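Protein chains in written order, with my numbering: chain B, 1 to 352; chain X, 353 to 704; chain C, 705 to 1056; chain E, 1057 to 1408.
Everything labelled a hint here was simulated from the structure, so no lab data went into it. Please note that a few of the clues may not be correct.
Unchecked claim - Distance windows between CB atoms, simulated: (1) E879/C x E66/B: 23 to 33 Å; (2) R698/X x Q990/C: 38 to 48 Å; (3) E878/C x Q582/X: 30 to 40 Å; (4) R466/X x N981/C: 25 to 35 Å; (5) G1270/E x E66/B: 47 to 57 Å; (6) Y123/B x K1044/C: 55 to 65 Å; (7) W1178/E x Y475/X: 43 to 53 Å; (8) T1252/E x R698/X: 24 to 34 Å; (9) H532/X x E66/B: 43 to 53 Å; (10) H1256/E x D429/X: 54 to 64 Å; (11) E879/C x H1256/E: 23 to 33 Å; (12) E1234/E x S229/B: 18 to 28 Å; (13) Q990/C x E1321/E: 35 to 45 Å.
What the hints assert, rightly or not - Listing some non-contacts, in silico: residues in chain C with all C-beta distances to chain X over 10 Å: (14) P739; (15) L778; (16) L837; (17) R877; (18) D889; (19) Q938; (20) A976; (21) R1012; (22) E1045.
As the list claims (entries may be wrong) - Not everything, but these chain X residues come out facing chain B in the computed CB check (under 10 Å): (23) D406; (24) P409; (25) L495; (26) V542; (27) Q638; (28) P704.
From a predicted model like this one, the values you see are computed outputs, not experimental measurements. Quick reminder that beta carbons are idealized off the backbone N, C-alpha and C, glycines included.
Protein chains: 4
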Amino acid sequence: MAYPVVERPKHFKTGIVGGAGYTGAELVRLLSIHPEVSLEFVTSEQYRGQNLADVHPHLSELTSLELIGAEQALEKDVDCVFLALPHGVSQKYAAAFLEKNIHVIDLSGDFRLRDGATYQKWYGREHGAAHLLDEAVYGLPELYRNAVRHARLVANPGCYPTASILALWPLIREELIETHSIIIDAKSGVTGAGATPRAHTHFPRVTGNFSAYGIATHRHTPEIEQALSQNDRQPVVQFTPHLLPVDRGILATIYATPKGSWHPELVNEVFARAYFNEQFVRVMKQPPEMKQVRGSNYCDLHARYDERTGRIIIVSVIDNLVKGAAGQAIQNMNILFRLKENCGLRQLPVYP
Amino acid sequence: MAYPVVERPKHFKTGIVGGAGYTGAELVRLLSIHPEVSLEFVTSEQYRGQNLADVHPHLSELTSLELIGAEQALEKDVDCVFLALPHGVSQKYAAAFLEKNIHVIDLSGDFRLRDGATYQKWYGREHGAAHLLDEAVYGLPELYRNAVRHARLVANPGCYPTASILALWPLIREELIETHSIIIDAKSGVTGAGATPRAHTHFPRVTGNFSAYGIATHRHTPEIEQALSQNDRQPVVQFTPHLLPVDRGILATIYATPKGSWHPELVNEVFARAYFNEQFVRVMKQPPEMKQVRGSNYCDLHARYDERTGRIIIVSVIDNLVKGAAGQAIQNMNILFRLKENCGLRQLPVYP
Amino acid sequence: MAYPVVERPKHFKTGIVGGAGYTGAELVRLLSIHPEVSLEFVTSEQYRGQNLADVHPHLSELTSLELIGAEQALEKDVDCVFLALPHGVSQKYAAAFLEKNIHVIDLSGDFRLRDGATYQKWYGREHGAAHLLDEAVYGLPELYRNAVRHARLVANPGCYPTASILALWPLIREELIETHSIIIDAKSGVTGAGATPRAHTHFPRVTGNFSAYGIATHRHTPEIEQALSQNDRQPVVQFTPHLLPVDRGILATIYATPKGSWHPELVNEVFARAYFNEQFVRVMKQPPEMKQVRGSNYCDLHARYDERTGRIIIVSVIDNLVKGAAGQAIQNMNILFRLKENCGLRQLPVYP
Amino acid sequence: MAYPVVERPKHFKTGIVGGAGYTGAELVRLLSIHPEVSLEFVTSEQYRGQNLADVHPHLSELTSLELIGAEQALEKDVDCVFLALPHGVSQKYAAAFLEKNIHVIDLSGDFRLRDGATYQKWYGREHGAAHLLDEAVYGLPELYRNAVRHARLVANPGCYPTASILALWPLIREELIETHSIIIDAKSGVTGAGATPRAHTHFPRVTGNFSAYGIATHRHTPEIEQALSQNDRQPVVQFTPHLLPVDRGILATIYATPKGSWHPELVNEVFARAYFNEQFVRVMKQPPEMKQVRGSNYCDLHARYDERTGRIIIVSVIDNLVKGAAGQAIQNMNILFRLKENCGLRQLPVYP
């Protein structure tokens, strides 16, 4: 049954496949006040038959929403589904929804890499729906808005790639930096690791702590390199993720060496030019703090040229569950449905 | 100039006096997406002439909003002002706005106590606008909705009192508990202490820490006792606040001894009955966690009777900056303006 | 093999059964610089054969300590073993060590309750070694020092009971309070919940959060009531534990109604009298903050009489892993071995 | 008067100038259990005449220690003083103590840079005791142990430089990396910013947050470059500090490009070779977590070669108040006094 809070008729119907995790819950939070879209169902294999509010007490307003199984979801008449499933699971469901002419916005990593071999190398297994890779559109609207508009299958970007690509794209597209000089030192809150408790996400271990992980091996590396490719030349990016003692948020500190001669003011011009018309990218005069985007769909950016070392340093922040996941997914949905891109996404950050 | 995001004409005009602190910023956050109300100005003596976004980078969307002085605010044509000022300062401004037939919603403690002598005893100074105390309406809508509807001056409740009174009211109004048995052990995030840095709010001291303060002397005690008075009998409440290593949120654990014989199911019936029609009070089957209301206007409650000890235990949670301050102020404004009470306040909590 | 850091011969040999958890690791930390005691072995069924430093990287100095199985431990020649095992498991091992004339200090809840029926009621299962309950000495040195001195089996107190009993004992032994009026509102860091990741200890859920749990049903309730019994009269204690977003530490806020007439100064006299000679109990002029005992064996106490309400309020803080577990266990061992009670426990708190 | 806990006579006498801050308190904590050294006095201009325990409640054992003024300290007969003063203040006191043949270990930045002009450039003022710069020994024992042994004035390294230099030195001294390729992305707990409350260290702002600061301009940059100079060639280091929502600890992630051909195993050999004999540097097989050294004098290091990018990545962690300040100062004192280098510093980390 439909989510009942807003009374006036909605123009589009959506559903969420995979509602037990953080991304699914965040989609519910954002869709619940979207003025043009109804949420018709949420699935969960683990909790099917239970009420959404029992699984997510913070959503306990939505008392009439019962979790269903994914196969029931296939029988629903909706315009779009969000797949909020683990990597490797989305690829099992995407085709079935597409066959029913339902748009699919996949929030896993399954359809982000265009090349099945690259997927296999970094994800360690063969792709189960490789025939869809060609058609999937990488859903970073600031770069690929037009492609998203006509997509059937949108691969919603990863959280680290969103923060990183938006920070580097203005410099890459004007070919201003040495593409082999890029170092991304990224720091994420723990929701990025998902809702399943593990030793490395146990509270006593994480609080008051900080650590690097996945050095040289993180799966978001090829995703970043792919998006930053220009004219068939792909950069080699050094990407080091870290775990912050924080629930939400990503901050990436990015280093790159500019090509040729350079002057300090140029960097601001480049970023202002790139994002002049963007509603969700805010170019800041000062380095942004991570929490200043909490709960919102903003990516805040600050870039600086260090004359002493000859390097450009960029600081980029997002909320990993919003612009890094559910918010960007809804932004993509708005584009698909020809709605205003910030429809339902106008909430300001919850700070402090 | 008016906040420009929503294009369609708004029915009411508001302004914020005191925009440098957390409560002021939270009012801006919530008003910015309120569909029926425009924000005409924000004042700050400290930052007047600066842009709001320079003081609150998370609000950097609102680039055209320049902070003005309070005396300029008095010349603005608005329907309602929010006073987000320190205790003792609000009482200097309230009368001036009232004289211009502008509704005043005061978020300080200045107009919460009906009796000037009680104010003087707990706040340690004489009241500067005692003639307004009689007229001020204590703005806890769940108890005093009708009075708020006709108020000129609304005294927005304190954060601890909001969590405490909503938890105790169902039992008090049915005269089910011994009013001298009430113990409120309350825990608050640090935003409750305001935006000014002090030794006891310095990060290294608060993180990983927890402490009681204001034992037996906190100013919210008489506010709670006043609201829980029945038939001229005032309870004597033991109130102990604590400082949590958290930015937002209050959780109060409340103990009371029931009168006469009692059975476990009764407690749930009492709370269900009291809040059946309330949109912002959610009676929970399990004890609520503090964060499950973050960013929202909910008060989540759970009550239980312990047969072994013969006591009732109630757990109550709110976001101190929303239901404990800015959200409740907007709820009061909605009532004043005959809008839907949840207008502009429908956002679900930002969790986790 | 023996822990090799200190070269001079030690007088006593100890071992730890259960070295994978937080309590076991904390025992290693404290024993490693104990001047009179050697650590001969640490067991772990899960990690047997691995190096202690692989399981606990912070202990990576101790490279020669290989984890053994518990049955190997039974063949070791030691003076004392610490059982740092889950509730229900200790009772399987205690008798075997006692039979070999090895002192046993058990850090689980297995031997704390004198009465097997009470154990069964609160722990939900029959006791597996009920014949040892009579002989076990409740190892709270400030109350039972002489009994500990002659014990074979020491039941090391729980963390909440340690903070609570030390706070109430001075009033109870002088019969100054109504024993049915006691309310203990206690707050603990997450290490109190052990090292195994669970949904309620997952970092994103706990950080920025706070919650009550085990209302009216927590197993530490009967332990507190037993220790506070006087002349066969047992108090009925209201005990409510809460989970703090903190790794270590307990703060208990305790309420009690004094008997008869009372004056404010009395409360300080009572506490000063009770703990004049105690090295690990510090009676404070101000309410202690939880973190001010971090890493140390102190219990810091502050008591106050509220004339307005007629209640005594006591604030008590400990580090749950030290005075609430491993430190107190070593304090008990020192007593058993006729060492100075603060031997190896003189470290000051790590603050902030 | 002397700190009275340890009864046996101490061989050396010390005092602390500047006891109100975190570094001063940490020196007290560590010296209080140092077996060979007595603490004769602690000064504080702000709190002179008060008891140390009133300023630092966690030290409330030390009830007889009254804070004195710095000029009184000059009359005390001690072997060594620790200057735990702000930058710019130490330079006013150092000469006076040296004239009395008292060793000075300065924990500020005042004597770390050998060149007065470099000091002026980065600290923004002329040096007030530039004649002492030549004689000051940079007190990083792992690099300059012999010089420390004969020093009168030891400049205790900064916290970031300690973590950074120890991570890079093994590669630098064997000339294995391009010295202009070094990027240090460092993250610190908030105690690194001192005990004075400021807007950017206010708890609500820091918790759940993360931010970069001092990009391209931090004063620790020239300190690192100086220590990494070889044969008069000074590297140009990119240094970016960040503020973690944590009380203690530094983690530095460091990037460098090796010279010439390289193989992955080499990096481990280089670090093993460099620190084989060091007691306080632990070379780890896995990237260290920041908290695993909390409260201890360890620097834990892990280095890795990324074949794909051709870079070396090093992760280095310390407790900024111990190895990054007070612990290293005591290590230097031990060297000066020909004590064992780990004397009084053998405590293992307090984890978790």
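Here is what the structure says about each hint:
1. The given range of 23 to 33 Å is broken by E879/C and E66/B, whose C-beta atoms sit roughly 57 Å from each other.
2. A hinted range of 38 to 48 Å holds for the C-beta pair R698/X and Q990/C, which are about 44 Å apart.
3. With their beta carbons about 38 Å apart, E878/C and Q582/X fall inside the hinted range of 30 to 40 Å.
4. Separated by about 52 Å at the C-beta atoms, R466/X and N981/C break the suggested range of 25 to 35 Å.
5. Here the CB-CB span from G1270/E to E66/B is close to 53 Å, well matched to the stated 47 to 57 Å.
6. Judged by the Cβ atoms, the range 55 to 65 Å given for Y123/B and K1044/C holds: they are separated by roughly 59 Å.
7. The hint said 43 to 53 Å for the Cβ distance between W1178/E and Y475/X, and at roughly 49 Å that hint holds.
8. A beta carbon spacing of about 42 Å between T1252/E and R698/X contradicts the range 24 to 34 Å that was offered as a hint.
9. Checked against the hint of 43 to 53 Å, the C-beta distance between H532/X and E66/B comes to roughly 45 Å, which is consistent with it.
10. One distance hint, 54 to 64 Å for the beta-carbon pair H1256/E and D429/X, is violated here, with the actual separation near 38 Å.
11. At roughly 53 Å, the beta-carbon separation of E879/C and H1256/E lies outside the given 23 to 33 Å, and the hint is violated.
12. Separated by about 26 Å at the C-beta atoms, E1234/E and S229/B satisfy the suggested range of 18 to 28 Å.
13. For the hinted restraint 35 to 45 Å between Q990/C and E1321/E, the CB-CB distance of approximately 57 Å leaves it violated.
14. Every C-beta of chain X lies more than 10 Å from that of P739/C, the closest at about 29 Å, which supports listing it as non-interface.
15. Taking the minimum C-beta to C-beta distance to chain X, about 39 Å, the non-interface status of L778/C holds against the 10 Å cut.
16. With a least beta-carbon separation of about 22 Å from chain X, L837/C lies farther than 10 Å from that chain, consistent with its non-interface assignment.
17. Here R877/C stays apart from chain X, with its beta-carbon at least about 22 Å from theirs, past the 10 Å limit.
18. Listed as outside the interface, D889/C is inconsistent with that label: its C-beta sits roughly 4 Å from the nearest C-beta of chain X, within the 10 Å cut-off.
19. Residue-level check passed: Q938/C sits 12 Å from the nearest beta carbon of chain X, beyond 10 Å.
20. Interface exclusion of A976/C from chain X stands, the closest Cβ pair being 19 Å apart, more than 10 Å.
21. Listed as a non-interface residue, R1012/C fails to keep its Cβ farther than 10 Å from every Cβ of chain X; the least gap is roughly 7 Å.
22. The Cβ of E1045/C sits about 28 Å from the closest Cβ of chain X, beyond the 10 Å cut-off, so the non-interface label holds.
23. The interface hint given for D406/X holds, since its Cβ lies 9 Å from the closest Cβ of chain B, which is under the 10 Å cut-off.
24. With 10 Å as the threshold, the beta carbon of P409/X comes within range of chain B, its nearest partner Cβ sitting at about 5 Å, so the hint holds.
25. Contact between L495/X and chain B, as hinted, is not supported at the beta carbon level, the nearest pair being about 22 Å apart and thus beyond 10 Å.
26. Residue-level restraint check for V542/X holds (minimum Cβ-Cβ distance to chain B is 9 Å; threshold 10 Å).
27. A hinted interface residue such as Q638/X counts as satisfied when its beta carbon comes closer than 10 Å to some beta carbon of chain B; here the least separation is about 7 Å, so the hint holds.
28. Interface restraint check for P704/X: the shortest CB-CB distance to chain B comes to about 5 Å, inside 10 Å, so the restraint holds.
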